[in-house]
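Trainee: These are the residues of each chain, in order.
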Amino acid sequence: MSPSGIKTEKLAGWNRPPVIESDGEGELLEVAMGPHHPSTHGVFRMDVVLDGERVIKLKPVFGYLHRNHEQLGERQSYLASMPYTDRLDYFCSLTNNWAYALAVEKLVGQEVPERAEYLRVILAELTRIQNHASTIGFLLQEMGASGTPLMYAFREREKILDLFESLTGSRMMCNYMRFGGCRVDASPAWLEATRKVVAGLPAFVDEFERFLMTNEILMARCQGIGVLKPDLAVNAGISGPMLRATGVNYDIRKVDHYGIYDRFKFRVPLGDHGDIYDRYMVRMLEMRESILILNQALKDLPAGPVMDPKAKIRNFRPKAGESYGRIEAPKGELGFYLISDGGPNPYRYRVRPPSFINLTVLEDMCLGSNVADVVLIFGSVDIVLGEVDR
Amino acid sequence: MLGDGILKGLAETAKNFAGSFVSKERMTTVEYPEERLPLPEAARNFPFLVYDGDDWEKGLRCVACQICEKECPPKCIYIEKSKDKKPDYVGKPQIYPAKFDIDISVCMSCQICVEVCPFEAIKMNTEFELATDDRFGGLLLDRKELARSNEYYHQIHPTEASEVDARLAEEKAKVEAKAKAAAEAAAAKAAAPPAAAAPATPIAKPAAPVEARPATAAKAAEVAKAPAAATAPVAPKPVPGTGSDGAASMTPEDKKAAETPAKTNEGEPKAQGEPKE
Amino acid sequence: MKSVEEIKAAIEAAVPGAVVKVILNPAPNAQHSLLIDAPHAVAVAEFLRDDDELALDFLSNVTGVDFLDKEIAEKVKVTRQVPKEVDGVQQMVDETVEETRKRVEPGYLEAVYHLFSVSKKHGPVIIRMRTANRTDLVELPSLTPIWRSAEFQEREVFDLFGIVFTGHPDLRRILMWDEFKDHPMRRDYVEPDDYEYEPTAHDDVLKRAQAHKAKVSAGEVSQ
Chain A
3 MSPSGIKTEK
13 LAGWNRPPVI
23 ESDGEGELLE
33 VAMGPHHPST
43 HGVFRMDVVL
53 DGERVIKLKP
63 VFGYLHRNHE
73 QLGERQSYLA
83 SMPYTDRLDY
93 FCSLTNNWAY
103 ALAVEKLVGQ
113 EVPERAEYLR
123 VILAELTRIQ
133 NHASTIGFLL
143 QEMGASGTPL
153 MYAFREREKI
163 LDLFESLTGS
173 RMMCNYMRFG
183 GCRVDASPAW
193 LEATRKVVAG
203 LPAFVDEFER
213 FLMTNEILMA
223 RCQGIGVLKP
233 DLAVNAGISG
243 PMLRATGVNY
253 DIRKVDHYGI
263 YDRFKFRVPL
273 GDHGDIYDRY
283 MVRMLEMRES
293 ILILNQALKD
303 LPAGPVMDPK
313 AKIRNFRPKA
323 GESYGRIEAP
333 KGELGFYLIS
343 DGGPNPYRYR
353 VRPPSFINLT
363 VLEDMCLGSN
373 VADVVLIFGS
383 VDIVLGEVDR
Chain B
78 MLGDGILKGL
88 AETAKNFAGS
98 FVSKERMTTV
108 EYPEERLPLP
118 EAARNFPFLV
128 YDGDDWEKGL
138 RCVACQICEK
148 ECPPKCIYIE
158 KSKDKKPDYV
168 GKPQIYPAKF
178 DIDISVCMSC
188 QICVEVCPFE
198 AIKMNTEFEL
208 ATDDRFGGLL
218 LDRKELARSN
228 EYYHQIHPTE
238 ASEVDARLAE
248 EKAKVEAKAK
258 AAAEAAAAKA
268 AAPPAAAAPA
278 TPIAKPAAPV
288 EARPATAAKA
298 AEVAKAPAAA
308 TAPVAPKPVP
318 GTGSDGAASM
328 TPEDKKAAET
338 PAKTNEGEPK
348 AQGEPKE
Chain C
399 MKSVEEIKAA
409 IEAAVPGAVV
419 KVILNPAPNA
429 QHSLLIDAPH
439 AVAVAEFLRD
449 DDELALDFLS
459 NVTGVDFLDK
469 EIAEKVKVTR
479 QVPKEVDGVQ
489 QMVDETVEET
499 RKRVEPGYLE
509 AVYHLFSVSK
519 KHGPVIIRMR
529 TANRTDLVEL
539 PSLTPIWRSA
549 EFQEREVFDL
559 FGIVFTGHPD
569 LRRILMWDEF
579 KDHPMRRDYV
589 EPDDYEYEPT
599 AHDDVLKRAQ
609 AHKAKVSAGE
619 VSQ
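Those protein sequences? They're chains A, B and C, same order as listed. Numbers 3 to 392, taken from the working numbering, label the letters of the first sequence in order. Numbers 78 to 354, taken from the working numbering, label the letters of the second sequence in order. Numbers 399 to 621, taken from the working numbering, label the letters of the third sequence in order.
Keep in mind that the hints were calculated from the coordinates and are not lab data. As the structure is a computational prediction, the values presented were derived from the model and not from experiment. Where a beta carbon is used, it is the ideal one built from N, C-alpha and C, also for glycine. Hints are not guaranteed to be accurate.
Computed footprint of chain C on chain A, listed as stretches where at least three residues anywhere in the stretch have a Cβ under 8 Å from a Cβ of chain C [to be verified]:
1) 300-307
2) 345-357
List time: in silico EDC-like cross-link candidates among lysine to aspartate or glutamate, alpha-carbon distance up to 20 Å [as the list claims (entries may be wrong)]:
3) C/518 with A/211
4) C/419 with C/435
5) B/162 with B/132
6) B/152 with A/76
7) B/92 with A/49
8) A/61 with C/589
9) C/519 with C/576
10) A/61 with C/435
11) B/85 with A/211
12) A/61 with C/577
13) C/518 with A/209
14) C/518 with C/534
15) B/92 with A/343
16) B/147 with A/310
17) B/85 with A/218
18) B/169 with B/132
19) C/468 with A/343
20) B/158 with B/180
21) A/161 with B/102
22) C/400 with A/218
23) B/85 with A/264
24) B/152 with C/602
25) C/611 with C/586
26) A/198 with B/180
27) C/519 with A/209
28) A/312 with B/102
29) C/518 with A/208
30) C/519 with A/264
31) A/314 with B/102
32) C/519 with A/258
33) A/231 with C/448
34) C/519 with C/410
35) A/59 with C/589
36) B/85 with A/76
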């Protein structure tokens with residue numbers, strides 16, 4: 003059953019990108035957009051076939067940043083992979099840490115102290131806010147609003163990164179979470195600073211929304227462009243804001259209740275049309291929900307240890323077995339799949355990267371639209387090449 | 078209405094333009110390198126080796142156990158053990174690193190070496206102006222370039238350093254108490270002159286942990302109050318001993334620093350005495 | 399949600415001839431998996447997706463795992479005819495001896511699929527498929543026609559592990575470049591000796607680069 007309640011069509015190839023014929027006037031133009039194109043968020047290429055301005059074929063090409071992250075993980079101890087997860091999606095290193103820690107904790111049945119769970123939620127939601135703000139900034143940048151919205155987003159991101167730095171020691175490569183808790187405790191001064199930053203966030207979101215939500219250019223260029231159907235989105239494994247923008251109510255925080263997310267009251271914003279504007283709007287609303295979670299978490303934060311005293315840091319050898327742990331990262335479902343053979347290194351270490359899988363339907367969304375919209379559609383997917391290429 | 082977006086935008090621009098001349102907090106430019114932003118206490122860049130006392134070579138806490146070398150994710154540490162032994166902070170003879178190199182062009186500042194070190198010997202530095210024109214040799218730091226005094230550690234990470242000092246003092250007191258008890262027992266048993274169970278060391282002064290902590294913290298705060306020229310060449314004040322016997326004139330801030338409970342790394346199992354060879 | 403045994407029974411009832419094996423996971427999370435046979439895999443996958451109760455419409459994760467050939471030493475009791483002198487007469491007598499025999503269990507490549515249900519909000523159901531060996535019989539049916547999300551991920555498994563997915567609409571390398579020969583995630587992968595060649599090589603890398611250059615000029619290797 004599809005989420006919309008209609009039985010999925012059994013026609014062969016219903017989930018394939020449609021074949022678009024050229025109109026026969028003029029010749030087709032093959033363009034390689036990227037790998038060094040300002041809109042490609044890094045080294046990413048789209049081999050586009052154009053019929054005039056219309057895209058009739060699009061193949062994403064990536065791997066320029068491939069460093070075989072998974073094999074690195076298999077060659078070293080469980081702990082040593084933690085700093086490498088920071089470098090997957092370098093915008094959201096803390097959620098990457100959490101996903102990996104969760105997978106390992108599932109593998110060994112490790113408990114996490116209460117305070118550490120709260121700190122994880124606080125950091126993950128801060129990460130989500132800064133990621134969504136920057137994504138919207140980049141989207142606007144690609145729309146031609148050069149600089150200003152992005153700088154507004156980065157101003158806010160800077161405050162959050164300062165918090166990360168004063169807690170974890172690093173702005174982006176945090177390497178903060180451990181199997182069974184967090185590395186260091188948050189001081190009262192840090193919590194006070196966080197409360198101050200969180201108190202300032204609604205004003206920022208309001209300001210952002212005031213300028214953007216009814217902006218004529220934004221509406222003209224985003225509404226009805228890059229539409230993704232819910233059936234295809236589910237079938238293609240799309241997750242995160244991109245899935246919810248199509249109207250599918252699937253948020254892993256609500257579904258899996260990992261960590262302590264069942265203790266917080268928040269809503270899951272859903273889109274209606276699955277176009278760029280919905281994806282933008284879902285991110286905007288998610289920021290507001292994240293602020294709500296942050297306020298609750300900062301209010302209820304209990305005292306206590308941040309690390310399970312029984313947890314092992316060195317000589318960590320899980321018993322043989324396997325586990326799949328996933329969280330709702332800002333970009334979608336981030337999962338880690340681990341197979342242990344009882345040794346100090348994982349036998350298999352797999353990252354389920356949301357950016358990579360969300361690109362599956364890039365062609366479907368772009369076909370038939372103008373080449374200028376490809377840039378926007380691509381920007382609305384929200385990818386980081388460090389995670390796509392691994 | 079068509080065009081109200083642009084009016085809104087221009088109004089915002091005008092507001093910000095005017096505001097950037099008036100409001101003090103909006104003037105965010107810092108005239109680096111004359112001015113510097115203060116680094117947060119937890120900031121980390123590349124590791125350094127802590128030494129006690131004046132002589133970096135004698136005072137190195139590292140005992141060349143090679144745990145950090147093994148655990149380092151990008152494998153940027155290279156250690157060679159010494160042939161002879163020298164006394165460590167509790168006076169026990171220990172091996173020291175004859176060679177300790179860190180290639181900071183490989184290091185990724187993850188601080189796993191700090192976490193796994195059972196001897197509090199390696200810590201994270203905050204220096205970031207490390208540019209050099211020698212691509213290979215200039216970025217390969219040997220143990221002399223890595224060595225920093227405990228005072229310097231107190232200067233860059235005051236809270237953490239005080240906790241470390243307290244922990245070390247406690248451990249030292251424990252070892253001494255044990256040695257004393259053993260010596261007393263031996264004396265009572267054999268009625269012979271007390272056995273020299275506690276090896277004579279230049280730094281072995283009985284210091285109860287309760288006394289040692291505030292004193293250390295006071296000193297830490299004192300050092301920290303010095304001009305925050307974190308990048309200036311480190312000139313540690315010649316202080317004899319481990320720093321647990323400094324003068325204690327406590328200001329309220331110092332007291333606060335001293336009372337900060339030991340929290341950092343508390344939950345982690347410190348492999349105390351595990352690989353002491 | 400149904401347990402793995404119930405899912406196994408449901409599959410066997412719905413897809414005649416399908417061979418399903420439950421693979422238990424000893425870890426505390428108890429994420430057991432189902433090993434399905436390649437010939438019926440597409441039918442099983444279609445059933446899992448379209449069954450009203452399971453409704454596993456969301457294929458989250460596809461990955462490969464490489465299991466090397468295992469050399470198993472086992473003790474076998476062998477009965478042999480041994481010449482022996484019985485009552486002064488030389489004759490052949492049966493004798494049982496224990497012998498250690500080495501046998502090579504062929505390794506295999508495994509494709510692992512993690513399924514969830516978006517409409518029923520349950521999961522994961524893990525299915526796996528195994529190739530016959532690691533060298534020539536590395537074909538598995540592609541599940542991309544059932545779940546589109548396998549498209550890139552199966553390409554990645556093909557690229558890094560070398561499992562050939564039959565029925566995949568666009569099976570090309572995805573992360574490595576097209577001219578690349580080996581499969582770097584295999585456990586017996588050996589890096590080519592020029593992988594770290596750089597213009598300003600030094601120390602070990604320089605030595606290796608020089609050795610490699612010498613080999614190239616001697617015509618031993620092509621590039």
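Trainee: Are the hints correct? Go through all of them and say.
Mentor: Taking the hints in turn, this is what the structure says about them:
1. 300-307: The restraint on the segment 300-307 of chain A is violated, since only 0 of its residues have a Cβ under 8 Å from chain C and three are required.
2. 345-357: holds (count 4)
3. C/518 with A/211: Status violated; Cα separation ~34 Å.
4. C/419 with C/435: Roughly 9 Å between the alpha carbons, so the hint for residue 419 of chain C and residue 435 of chain C holds.
5. B/162 with B/132: holds, 16 Å
6. B/152 with A/76: holds, 15 Å
7. B/92 with A/49: Outside the cut-off at roughly 44 Å; violated.
8. A/61 with C/589: Violated. Residue 61 of chain A to residue 589 of chain C sits at ~29 Å, over the 20 Å cutoff.
9. C/519 with C/576: violated, 39 Å
10. A/61 with C/435: Not satisfied, since the Cα-Cα distance of roughly 32 Å exceeds 20 Å.
11. B/85 with A/211: holds, 12 Å
12. A/61 with C/577: Since the Cα atoms of residue 61 of chain A and residue 577 of chain C sit roughly 18 Å apart, the hinted pair holds (cutoff 20 Å).
13. C/518 with A/209: Measuring from Cα to Cα gives roughly 38 Å; hence the hint is violated.
14. C/518 with C/534: At roughly 40 Å apart (the allowed maximum being 20 Å), residue 534 of chain C and residue 518 of chain C break the hint.
15. B/92 with A/343: Given pair residue 92 of chain B, residue 343 of chain A is violated - Cα atoms ~63 Å apart, limit 20 Å.
16. B/147 with A/310: Roughly 24 Å between the alpha carbons, so the hint for residue 147 of chain B and residue 310 of chain A is violated.
17. B/85 with A/218: Distance ~12 Å between residue 85 of chain B and residue 218 of chain A Cα, so the pair holds.
18. B/169 with B/132: holds, 18 Å
19. C/468 with A/343: The given pair, whose Cα atoms are some 14 Å apart, holds under the 20 Å limit.
20. B/158 with B/180: Status holds; Cα separation ~18 Å.
21. A/161 with B/102: holds, 14 Å
22. C/400 with A/218: Violated, at about 51 Å.
23. B/85 with A/264: At roughly 41 Å apart (the allowed maximum being 20 Å), residue 264 of chain A and residue 85 of chain B break the hint.
24. B/152 with C/602: It holds: about 15 Å lies between the C-alpha atoms, which stays within 20 Å.
25. C/611 with C/586: Status violated; Cα separation ~25 Å.
26. A/198 with B/180: violated, 40 Å
27. C/519 with A/209: violated, 36 Å
28. A/312 with B/102: Outside the cut-off at roughly 46 Å; violated.
29. C/518 with A/208: violated, 36 Å
30. C/519 with A/264: holds, 15 Å
31. A/314 with B/102: Distance ~45 Å between residue 314 of chain A and residue 102 of chain B Cα, so the pair is violated.
32. C/519 with A/258: Holds: residue 519 of chain C and residue 258 of chain A sit about 9 Å apart, inside 20 Å.
33. A/231 with C/448: holds, 19 Å
34. C/519 with C/410: violated, 24 Å
35. A/59 with C/589: Given that 20 Å is the threshold and the Cα spacing comes to 36 Å, the pair is violated.
36. B/85 with A/76: Violated, because 54 Å separates the two Cα atoms, which is more than 20 Å.
Going through the hint list in order, the structure does not satisfy hints 1, 3, 7, 8, 9, 10, 13, 14, 15, 16, 22, 23, 25, 26, 27, 28, 29, 31, 34, 35 and 36.
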